[in-house]
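S.K.: This is what each chain is made of:
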Amino acid sequence: MGAVRELKGALDLSRIRSDFPVLARRINNHPLAYLDNAASAQQPAAVIAAVADYARAHHANVHRGVHTLSQEATAMYEGARERVRRFINAASTAELVFVRGTTEAINLVAQSFGRPRLTAGDEIVVSLLEHHSNIVPWQLLCAQTGAQLKVVPIDRRGVVDFDAYLQLLGPRTRIVALAHVSNALGTVLPLAAFLRAARERGIATVVDGAQAVPHLAVDVQALGSDFYAFSAHKMYGPTGIGVLHAREAVLETMPPWQGGGDMILTVSFSGSTWNHLPHRFEAGTPNIGGAVGLGAAIDYLDGVGLARVAAHEHDLLDYATARLTTVPGLSLIGTAPDKTSLVSFAVEGIHPHDLGTVLDSKGVAVRTGHHCAMPVMEYFGVPATTRASFALYNTRDEIDALHAALLDAIRMLR
Amino acid sequence: MDLADLYRDLIVDHNRRPRNRGPLASANYRAEGNNPLCGDELHVFVDVDNNIIRELRFEGTGCAISTASASLMSEAVKGKSRAEVAALFDAVHRMLTGAAATTGPELGKLAALGGVREFPARVKCASLCWHTLNAALAGQATPVTTE
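If you read the sequences in order, they're chains A and B. Per our numbering, the very first residue in the first sequence carries number 1; after that it's consecutive. Per our numbering, the very first residue in the second sequence carries number 415; after that it's consecutive.
One chain only, chain A, in its complex shape (with noise of 0.2 angstroms):
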């Protein structure tokens, strides 16, 4: 199904390249430069060809039919499950909830886990460069249940103060939640140091992965969370499907949080008994094509070889820092000294949005806006930035057409 292939040393590019059609395409006359990749990545033929041989030959309803294209669509969706268990090393496949994303798998974490746990004057400590989907449900869980939300302090490069944190530890924490990468300054979490300060205080962690499962490699059980929450379409896969990993002993504590079909084992009126792990959690008919979709977005990462994805990004990052600071009145906002390939920035005297409009008539595609991050931007003082956020198939070429843009840009409206 993927296009699972050796590729010795380097990455090649134009290979690389050409598995993606979207890539080939000219905006306003100039050549397609994609720099909007941690908003989505774009998709792969082997991706889209997965998910339309699923709806051209395998369709039907998942777990409940003998008859053929069932059980075949079964196997494709339960597979998925199983390479996404090979993808983050998880010890089973029952500790893998499929979602329709990382925003989905944290508001299920809130109010499966956290609601029936945590009473009044309770505590969720969360970083202030979470996005807004690692805040909101916990205020909402807060709203409900009079618990409180303790925001763990970073310094003008961007990077998580870690004493802080220990020191926000207490006697009331009942949930840590954290972004493995944030996805407004790139900053890497050292989560191992995180997640360990907790787990030895009895505090349960939950963390962010959508920035973080593109572009380097993850293993939840050495990483040791008890919560892990990603999405398919910021790695190549389609938007709409996304996986809640939990580990199984807390799984199983856990009440499910939307009652439907599947999530069953039997229905009665004076009663209803669960369905085992995952399966509790995946009431209603599940996004089947989606899951396809992430299985073979997997199996192409897997071909190309995360490592070497991450060492061409590194490679990125270091041109377009290099680059972007030599343009005037520019300043990049998130210098952590661990990032991922993304650069966050503010150019003097030009608003984003001016810069986004201006660049994408060059066909360079950057996003432009507070990046659901607000207390980001309220903490280093701006409304809003420009991010250029590069994957896999990106290139220096695109690099260099984004840096001759800004300077258009600054002729034009400085």
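Possibly wrong hints are sitting among the right ones.
Here are the computed distance ranges between Cβ atoms for each label pair [said to hold, decoys possible]: (1) Q139(A) to E473(B): 26 to 34 angstroms; (2) E72(A) to T475(B): 53 to 61 angstroms; (3) D416(B) to A57(A): 42 to 50 angstroms; (4) A197(A) to D416(B): 49 to 57 angstroms; (5) D416(B) to D315(A): 30 to 38 angstroms.
A short list of chain B residues far from chain A (calculated; beta carbon distances all over 10 angstroms) [what the hints assert, rightly or not]: (6) P450; (7) L451; (8) D461; (9) E469; (10) G493; (11) L502; (12) R508; (13) M509; (14) T516; (15) K523; (16) A525; (17) R536; (18) A549; (19) T556.
Covered, in the sense of this in silico footprint (three residues per stretch, anywhere, with C-beta under 8 angstroms from a C-beta of chain B), are these stretches of chain A [claimed, not checked]: (20) 346-356; (21) 377-384.
These aren't lab readings, by the way, just hints derived from the structure by calculation. For each residue, glycine too, the CB sits at the ideal point set by N, CA and C.
Since chain A is already given, all that's left is putting chain B on it; use the hints.
M.R.: Using the frame of chain A, we list chain B on its own:
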């Protein structure tokens, strides 16, 4: 798509040197406009005397289109009656969102914003100040948004 049509000289000039920016002590009407996705924030202060706009000043942060639009608006509405401002609002709205390009003589310098309708993502930037002015004149206390 022609960038020069969006960032016409007059727009760039009003962004670089916004007219009527700052507080207005004599204001008897005021309103706030926010486009949080953009990070745009606008405060409009109006001095209305006998149904005539005597003065309009604005403060805030925004992109070139939103700043220039507010600056041009501040000049355009000065000395006009509420009814004339309402008619101007409609003309600007038609120019920004109409199916065909419509820039009549009543728009004056505001016609410089005629290129915005070719950039649908930027219409909200140009229209924020006008909706904020409407809210001010209507005595609306809650901030407006065009997102």
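S.K.: Minimum C-beta separation from E469(B) to chain A exceeding 10 angstroms: can you confirm that?
M.R.: holds (26 angstroms)
S.K.: Are 3 or more residues of the stretch 377-384 of chain A near chain B, judged by a Cβ distance of less than 8 angstroms?
M.R.: holds (count 4)
S.K.: Taking 10 angstroms as the cut and beta carbons as the points, is L502(B) off the interface with chain A?
M.R.: holds (25 angstroms)
S.K.: Far enough from chain A: is every CB of that chain over 10 angstroms from the CB of T516(B)?
M.R.: Since the minimum Cβ distance to chain A is about 22 angstroms, T516(B) lies beyond 10 angstroms and the statement holds.
S.K.: If we take the beta carbon of L451(B), is the closest beta carbon in chain A still more than 10 angstroms away?
M.R.: The claim breaks: L451(B) does not keep its Cβ more than 10 angstroms from every Cβ of chain A (closest is about 6 angstroms).
S.K.: Honestly, do Q139(A) and E473(B) meet the 26 to 34 angstroms range at C-beta?
M.R.: holds (30 angstroms)
S.K.: Check the non-interface label on A525(B): least C-beta distance to chain A beyond 10 angstroms or not.
M.R.: Holds: least Cβ distance 20 angstroms, greater than 10 angstroms.
S.K.: Beyond 10 angstroms from every chain A Cβ: check whether that's true for R536(B).
M.R.: violated (6 angstroms)
S.K.: Check the non-interface label on R508(B): least C-beta distance to chain A beyond 10 angstroms or not.
M.R.: For R508(B), whose nearest Cβ neighbour in chain A is about 22 angstroms away, the distance exceeds 10 angstroms, so it holds.
S.K.: Is the nearest Cβ of chain A still more than 10 angstroms from the Cβ of K523(B)?
M.R.: holds (19 angstroms)
S.K.: Beyond 10 angstroms from chain A, beta-carbon-wise, is D461(B)?
M.R.: Answer for D461(B): holds, closest chain A Cβ roughly 28 angstroms.
S.K.: Note whether the CB distance of D416(B) and D315(A) lies within 30 to 38 angstroms or breaks it.
M.R.: holds (36 angstroms)
Of the numbered hints listed earlier, those contradicted by the structure are 6, 7, 17.
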